[in-house]
Each structure stands twice: as C-alpha cells, then as structure tokens.
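Engineer: One letter stands for each residue in the lines below.
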Amino acid sequence: MSTSDNFDRTSLFETHQRLNARIVEFAGWEMPIQYGGILEEVNQVRSNAGLFDVSHMGRLEIEGPYAAMMLDRVLSVNVPKLRQGRARYNVICDENGGIIDDCIIYRRGAEKFLLIPNASNTPPVVKWLERWTPDDAQLTITNVTTQTAMIACQGPNSVEYLQKLTETDLSAVRPFRAIDAQVLGHDSFLARTGYTGEDGFEIILPAEAASDIWGGLMDLGAAACGLGARDVLRLEAGLLLHGNDMDTSINPYEAALDKFVDPDRDGYVAGQILRKIRDEGPSRKLAAFSMIGRGIPRHGYVISDGQNAIGEVSSGGPSPTLDMNIGMGYVPIEYSTLGSTIFIEIRGRPVEAKVTTLPFYTRRRNA
Amino acid sequence: MNPPDLKYSKEHEWVRSESDSVVVMGITEFAQDSLGDVVFVEIPDEGAELIQGEKMGEIESVKAVSDLYSPVSGKVIKRNESLIDNPELVNEGPFEQGWMLKMEIKDASELDNLLSADDYNSFLKSGA
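Quick note, the sequences are listed as chains W and A, same order. The working numbering applies: residue -2 is where the first sequence begins, and numbers increase by one. The working numbering applies: residue 1323 is where the second sequence begins, and numbers increase by one.
Excised from the complex, chain W in its bound form (with noise of 0.2 angstroms):
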C-alpha cells in the first residue's frame, strides 16, 4: 500500500488504473467508482460474477483468553456461542444505543477472531473495543488492514470460478461460513459473505499476492466492479450503509436490526439502554420504498405526507434490475408499515411512493 496526498491507496491501485478505473476518494482512500459503466457492472454482478477490491474495509485480529468476552460485551450479538468457522453480522453501540459502525464478526479460532469494520469507522471501533478491554486483560487488537487485501468475489458464477483457484471444496463452506484454504498457492482466509445479494466469498489474502488473485479471477470471466455498482446492488439487496442509513443517531430497533440484537446478555454494555428501546417500542422506523411517481429518490431528500415533511431519504436511487426507482428512509412509525403511501420531495415536488419489505431483491436460489 502506498499513499499519495493523503489518501491511501490498496495493493490493486495499480491493476485499476490499468482497467483504466475512474478514481475516487471514498472514505480516505482511493477507490475504483467504475470500470467501464455501473449499469453493465450490476448486470454482471447479477448474471455472471463481479470482483470488488474492498481492502479499504478494516480487518481486526483480536486474540486472547479475554477475546470471546470482550467482544461479547461491545458487540450486538452473543459471541460465545459463536463457533468456529461461523460469521455473524452485527452492530456495535454506544451508551446511547447510537450505532457505531455495523460490522462481520468471523470465529477463527477458541481465542481469535476476525472483525470487519466500515473504511472510516475503523479508528472509532478501535477506540471503543479499547476501551472496553481492562488494562490487565489478556487480549490483544491488531489491525492488519494494510498488510492484506480483500477481495469480494459476488455473483451466480463467482463461486464456481474462485473453485478453479482452489483445491479446498467450497461447496461445503455454507453462508456465512469461512475456512482457511490456498489461493493459486496464497494463504488466504475465505468468507461465504458478501454485501450484493448474490452468492459468493470475501477473499482475505496477503496484500502482495491480490493483483495474482485478482487477474486469475477476471482471466476466468469475472468483471471488475467499483463502488457504484456495489451501492446499487447493496440497496437493491436492502443491505444497509453505515454513514448513509445508520449512525450514531440511529438505534438498531429504529434501524429494523432486531434480529441481529441480543440485548439481554449479562455485562453487554448497550443491554440496558436497548431492552429499554425495545421494551418502549421506537417511534420511527426504517422504511423501505418503491417509487410510484416518476422521479429517482436520492439521499438527503425530504419525505413528506403530501405537505408536511415526516422524514428523510437515507439511501436511493435506480435499482436496474428491477427496472424501478427504490430507496429507504426513516419516518415515524405509522408511516413505515407495509403499503403505506408516502411522498418524496424531489426538486420542490412531492413525487408518490409506497412502502414496502426489504429486501427489494432476492435472489433464486438453486436447490
């Protein structure tokens, strides 16, 4: 990784621009936005199979006979009982029940494990898993972000392809499982997760062999795909963005995370401000829409009852495989269930939508 004014760049910054990439800064770094067109990239993602570089994502080691309960206190989900070779997805809150960052958590071992945090929120989910961890703790965090790559390989062909790289059976890691294989002769660490809706792994592997991995995998026919056509498809997949849908003035009640809440742990240290959320019930809620009027939905817009505003866009746009215009928002309570109609104000005009059920887009499954 090298960095050059001030913004850092992965181990594939030079196999992107080879692409002939367009650049942006996101988060800190410099990121592919797209290749050749988003739409062309979501096509792919969906009929055949996308590659993201998404080293920008923080990767933390936390290891330690302290490790399991540490974690189990900062993180929205039980992490004992999580067992080896397992990922969950989670949130991490704050006293106020605020959502910090929304994260992986993968199993690696009886005291080791794997968090995935957002680009920008890794200094703050260090700061608070350290704060959380007593001096005398046997425990330690190592972020190995920028000594490693992380590739995401999504779509119906993504896993039939990295097989081909392969000699461990990837048809026995099941979602949301991972397993420690070689990659074209690579240590890697492979994850059956993903942020598109599709099938496929995330690719955890040593920051020197990515461009290697990175090349056998397009060589095969996957397409490179940048941060656009990953938005398009994480909304259309009703995945939601920390920074755009979350944040730390957002609970996971509000957020409509409850599954993904376990808030009666004893020494959980958001437990006793979430049961409190939960038992009282939130007064807005995370509605998912679809646009019955002509207009896109775009982040920041108003969401109205026809005249007076009730809420905001969180997140919008195209969703082009469903050839409809789609996005989410928070609005009070009787507003969000199933059906209701609601109006976004786009430019001075309030445009018809009803909500709906995330996520937009499912897809079909084989057997």
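Warning: the hint list may mix true and false statements.
[Said to hold, decoys possible] Simulated restraints on C-beta separations:
| no. | chain 1 | residue 1 | chain 2 | residue 2 | range |
| --- | --- | --- | --- | --- | --- |
| 1 | A | Lys1377 | W | Met321 | 53 to 63 angstroms |
| 2 | W | Gly297 | A | Ser1356 | 50 to 60 angstroms |
| 3 | W | Ala134 | A | Asp1389 | 28 to 38 angstroms |
[Unchecked claim] Some chain W residues close to chain A (C-beta under 7 angstroms, calculated; not the full set):
| no. | residue |
| --- | --- |
| 4 | Ile293 |
| 5 | Gly297 |
| 6 | Pro315 |
Treat the hints as calculated values from the structure; they're not laboratory data. Note that CB positions come from ideal geometry on N, CA and C, so glycine has one too.
With chain W fixed as given, assemble chain A onto it according to the hints.
Structural biologist: Chain A alone, transformed into the frame defined by chain W:
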C-alpha cells in the same frame, strides 16, 4: 469527436441550426461520458419559453444529478419523447438519437455567444 458544424456552450450543450430560426440541442459526448449511465431525463414541454443560460431541466445518471441549461432563448417546438422511457439514448448517441429539444429561437445573434467546435475542444483541454 465534436462535430464541426455545431455550436457549443460551456455547460456542455450543443446546438445545431436547422434554419435561420430553428435549432436542435442536446448534451455533448464529454457531458454524457462524465455523467455515466443516464437513467433519467427531465426536459421542458412543448411551448415552454426558455432563456439562454438558464436552467431548463435535469439529467440523472446512476450516481449523479445535474442541471441542464438552455443554450439559447426561445420556444420549445418539439422535444425528444423517446428520452423519457429510453434515457440511455443520451449515452448511445449524444449528438444523434440523444437530442433533447427542437427550439424556435428568438434572437439568432445569441448563437454568437456559443463556442465553435475548435473553441469547445480547447475549452475541454483547458480542464473544463
């Protein structure tokens, strides 16, 4: 890549004269390429009166929203209805099937405020 017989605005619109008083306008190759995949076009109805340099509509790509400016003053006599359902025509042929409006212009001397193809190319090179 920018046809020599057209006039151009610094807002990346082009104008083609069909007669002394009728012009066709659209956005340039540079504009469509910068926007990326166009997914939404909002342009004025027939009969609308537009003023040179003023906002007259919007164009949206997957990730961006941009204003459209009228390169001349006059009345809209026809608009490209195909763009409403097929906004990708702007990407496919910005100077051809992606045209936007046909206008009856008020004052032909306004065309002198626009750039020639050579001047527009220099403008782009200067880092528009």
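Engineer: Does each hint hold? Answer for all of them.
Structural biologist: Cross-check of the supplied hints:
1. Lys1377/A / Met321/W: 53 to 63 angstroms: Given about 27 angstroms between the Cβ atoms, the range is violated.
2. Gly297/W / Ser1356/A: 50 to 60 angstroms: violated (22 angstroms)
3. Ala134/W / Asp1389/A: 28 to 38 angstroms: With a Cβ separation near 56 angstroms, Ala134/W and Asp1389/A fall outside 28 to 38 angstroms, so the hint is violated.
4. Ile293: holds (5 angstroms)
5. Gly297: violated (11 angstroms)
6. Pro315: holds (5 angstroms)
This entry does not satisfy hints 1, 2, 3 and 5, going by the numbered hints stated previously.
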